[in-house]
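Trainee: Sequence:
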Amino acid sequence: MGTLQLIIATIEHFQSKIWLTRVGLFLLFLFIFFLLFFLLKLVIIKRGRKLFLLLKSIWGSIKQPMKENQDVQNFIKLHQRIFNFIDKRFSKKSFFGRPLTLLSLALFYVLLHFGGVVENIVNSDFIVSSDIRQANLLAIFRDTELINFFIWITLLGKWQIILIFSLAFLSILWIWEKQHYIMPFLICIFGSELFTSIGKIVFHRQRPTLAVYSENSFSFPSGHATIAVAFYGFVAYFLIRNFKRWKYKINIFFFFLLVIILIGFSRLYLGVHYVSDVWGGYLLGSMWLIISISLLEYNLSTNKNLHKIVFDKTKVKTFISIISFALLAYIAYGIYYQIPVEMSLREPSSAQVNIINDIFSNERIRFTETISGKPQEPVSFIIIAKNDEQFLELFQRAEWFLADDVSFSSLVKTARAAIMKKSYPEAPMTPSFWNDEVHVFGFEKETELASARTRHHARFWKSNFITDSGQAIYLGTASFDSGIKWGITHRIAPDIDTERDFLFSDLSTTGMIEKAEETQFVKPVLGNNFSGDPFFTDGKNYVITIK
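Our numbering applies: residue 11 is where the sequence shown begins, and numbers increase by one.
Since the hints were derived computationally from the structure, they do not count as laboratory data.
Keep in mind it's a predicted model, so treat the numbers as computed, not measured.
Think of the CB as a built atom: it goes at the ideal place given N, C-alpha and C, for glycine as much as any other residue.
Mixed in with the good hints, there may be bad ones.
What the hints assert, rightly or not - Cβ pair distances, simulated, as ranges: (1) D415 - F43: 19 to 27 Å; (2) T520 - I341: 56 to 64 Å; (3) P385 - Y258: 21 to 29 Å.
Stated by the list, open to error - BS3-like, lysine-lysine: derived pairs with alpha carbons at most 25 Å apart: (4) K66 - K103; (5) K87 - K188; (6) K210 - K259.
Given these sequences and hints, build the entire structure.
Mentor: In structure tokens form, the structure reads like this:
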């Protein structure tokens, strides 16, 4: 009985400390990702080879009648030189046939994508501001234990660990008499590092401001992401090339793919890179991986004896010893390596303003925005308060509830309340953005139906501006949830002006307002929010000063 009680207490502690927080929701997403990743691997292991053979058979069935068709034969005769060229490009007999063609197409595809990323970073405010929003959103899911976990992951892409692993890999290549892999491998590693360094110098992109710790180099491209694809991709290619069983090949591919994904994601979670930095690093690493594989495949095509691996007990023991030493070195490095972790979010610097509308000299920040940067509803409230406590008291007196954080527990509670049409006055809200920042405060008020399906709600941001008297400035929007759509999100009523006036009316009853002014903030607007719901507004807002 004592053991059972201990188990129950442990579960309750785990639920209270983990699953009832944003971190619990993040862990749930990670679990789902790993589960889908594992299931996909199993499906490919069991069915992938049969599917490949089926597609090959179907293609053969289509190809043969086409060859026998008289019109096709006549067309080929008229353009014999072109078809001879194409036939040579897809021949399996020579490296300069199908292998080089596929590798060249892959390289060209990667270069196009990399060029697109560079162009977007240099010329597009959209991709830059979208990167900032994604970094700000991910920052709210940080937790000390997860930070420690992802620091261990990110060390797998640190140059000291890559150097140790590279020396171990080179030793294994030498022992297994695979010296012909050494030069392509070194070209892959040094080429990736060289181009990463050049990219950082050329683009001079600054790091995210909400990073867990500081990095000394520039942000684009991510060196960790680049070397992850170059090093771990090459090791995966080597193992897949030298193992014959389909199961082993797929397991190797998915294992190293997972390592590469986790290293890239660790850079995002720790806040030291933007999404486009990591994606650019992946593309740059892929470019050098393709180049090195091309060189190696050419060498293999000219000497068939290079494919053979001869094992003996001495080689196996030496291999195990080298791998064990490399892993121990990684563990020791991780234990003794100290990173100056800064868990507290940095407060934005404040700027004094004389006139409230001075904040909005940039037309863009008169509107809220989706995570992709698409404009949404205009700001409908500007509230001046002494501090957060006074600001929150205003809504408390108006009988508006502060929304719960988005977490596994709160989402389950919201779903249950919506399905059963029950009350949940603190239901969480989907994130919205203003000036690239996630909203800080969410407020809501139930309707007469007392159901989570319909509610009044408002989102507010604390700006980095203060008045001459040192008061904080808060910006917000208000809207009405008229129902549920897709089973996962609320439908917003299009008349947001009515909800704006409803909230102002409630705030006016608190007795805390010193001064309130209605202004023509933007021109009348017709638009859509992040989930596609239409809205219309006359463009007015309220400027409120709390006593």
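Trainee: Does the structure break any of the earlier hints, and which numbers would those be?
Mentor: 3, 5, 6
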